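Peer 1: Here the sequence shown is numbered in this note's numbering, starting from 1454 and rising by one per residue.
If you're looking for bench data, these hints aren't it; they were derived computationally from the structure. A hint or two may mislead.
Unchecked claim - Straight-line C-alpha distance at most 25 Å; calculated SDA-like pairs for lysine to any residue:
1) Lys1828 with Glu1778
2) Lys1828 with Asp1802
3) Lys1828 with Pro1784
4) Lys1828 with Arg1751
5) Lys1828 with Ala1779
6) Lys1828 with Glu1782
7) Lys1828 with Leu1807
8) Lys1828 with Pro1794
9) Lys1828 with Gly1693
10) Lys1828 with Ser1765
11) Lys1828 with Asp1724
12) Lys1828 with Gly1808
13) Lys1828 with Leu1727
14) Lys1828 with Ala1806
15) Lys1828 with Ile1723
16) Lys1828 with Asn1680
17) Lys1828 with Ser1783
18) Lys1828 with Val1773
19) Lys1828 with Phe1811
20) Lys1828 with Tyr1738
21) Lys1828 with Gly1730
22) Lys1828 with Glu1814
23) Lys1828 with Arg1803
24) Lys1828 with Ile1816
25) Lys1828 with Val1809
26) Lys1828 with Arg1785
27) Lys1828 with Thr1705
28) Lys1828 with Ala1781
29) Lys1828 with Ala1777
30) Lys1828 with Gln1700
As the list claims (entries may be wrong) - The following label-pair restraints were derived from C-beta to C-beta distances:
31) Trp1519 with Glu1668: 37 to 43 Å
32) Leu1456 with Leu1511: 21 to 27 Å
33) Leu1508 with Ser1815: 41 to 47 Å
34) Leu1456 with Leu1691: 18 to 24 Å
35) Phe1708 with Glu1750: 27 to 33 Å
36) Trp1624 with Ala1474: 46 to 52 Å
37) Arg1716 with Arg1812: 23 to 29 Å
38) Arg1669 with Trp1624: 49 to 55 Å
39) Arg1621 with Pro1473: 30 to 36 Å
40) Glu1750 with Arg1621: 36 to 42 Å
Since the structure is predicted, the reported quantities are computational estimates derived from the model, not experimental observations. Beta carbons: idealized from backbone N, C-alpha and C, even for Gly.
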Amino acid sequence: ETLLLGNLLILIAYAIESAPANRARLLRWGLFGLCAGFAFWTFGLILVYLIPLSLWLLYRGRWSAWRGYLIAIAGFAAGSLPWWASIGQFGGALLGELAGSAIANTVAAPTILESLGVRLVDFFVFGATAWLGLRYPWSPDLVMPVAGLAVVAIYAGAFVHATRRGPRLLWGMIGVLLLTYLLTPFGGDPSGRYFVPLYLPLSIFTAMWLDHLRERVSARWSRWLANLLIAVVVGYNLVGTALAVQQPHGITTQFDRVTWLERGREQALIDFLLAHGETRGYSNYWVAYPIAFLSNERILSAPRLPYHLDFSYTRRDNRVARYAEAAAESPRAFYITTSHPQLDALIRDRLLALGVTFREESIGSYHIFYALSRKVEPDMLGLGETTPR
């Protein structure tokens, strides 16, 4: 949705510039503000588009477009109204989410300068390589390195060409993302997902460079050369994607192997739990919400179990109060872990220490403790709320 709404904002901004100074132009200003506000409520990442777009429109319009600015601000307020309304409910927590509190303190460095250095390296080594498709977000290994070098050369030519002829608006998007990555907690997540909006400047810069090559190379070879370069880039990404989806866990942003869940086993898990009358229990973040969705909420679990190998846990995982209440009010509960033998052993040992009998079953990446002789809460096992991160 960020790509859709962000690209729509760019189209509206250019429509504002091309429209004469009349009522139609003011309507476009209002549409821009409304769309920007709705996009902001949807996901704060839209600021990667909105900041450079707003500066560009201010630069182009100067003070003469003050009516349009006011209408756009009113439209933004209307479009983002749900976000402002929720301030009263969530207050500082909502602002913290926007500022990246969820991943704060993930870059460990003794000084600010060293932290910036770590993030700058991460930006190019991890984030940019995932953005350009040179590696999967879940692996440090390069994808088809030899072909990847050819793709890097093509992108390098495109960026060098864009330094002189690339639209400032698109460079502004890259600059805003870079500053956000360096100066906010979002720099602690080099998975590549925050780079997704930059596929727009990447595509346009590459297209501009190929068009430039058509003009510089002889007409006989220009089309063949452009087609060859396009085939290299598109083919590389198609093959890389095909290889990715063939892996058991499919496409993911998760670097932690514990969160690599085998696809296609969700329904088998749901059927097993329903067959044994297990509809309420405890799991981790990567199990609770997909299973609730896929089972039409027939199976609800509170994500109070850790999934990191060091048993660290964040209370943010338990973010749907109704699921937590359903698990707490149920007279019985199951436990589901994923690819975590150490956690399985801990749960097993502590259930036995409490004198609780149980049964176990494994389905793909899922390990299930069920048919407990009596209900046991996670804090009775020393898990969940007692192991915050």
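Peer 1: Against the structure shown, which of the earlier numbered hints fail to hold, in ascending order?
Peer 2: When the structure is compared with the hints, numbers 9, 16, 27, 30, 33, 36, 38, 39, 40 turn out to be violated.
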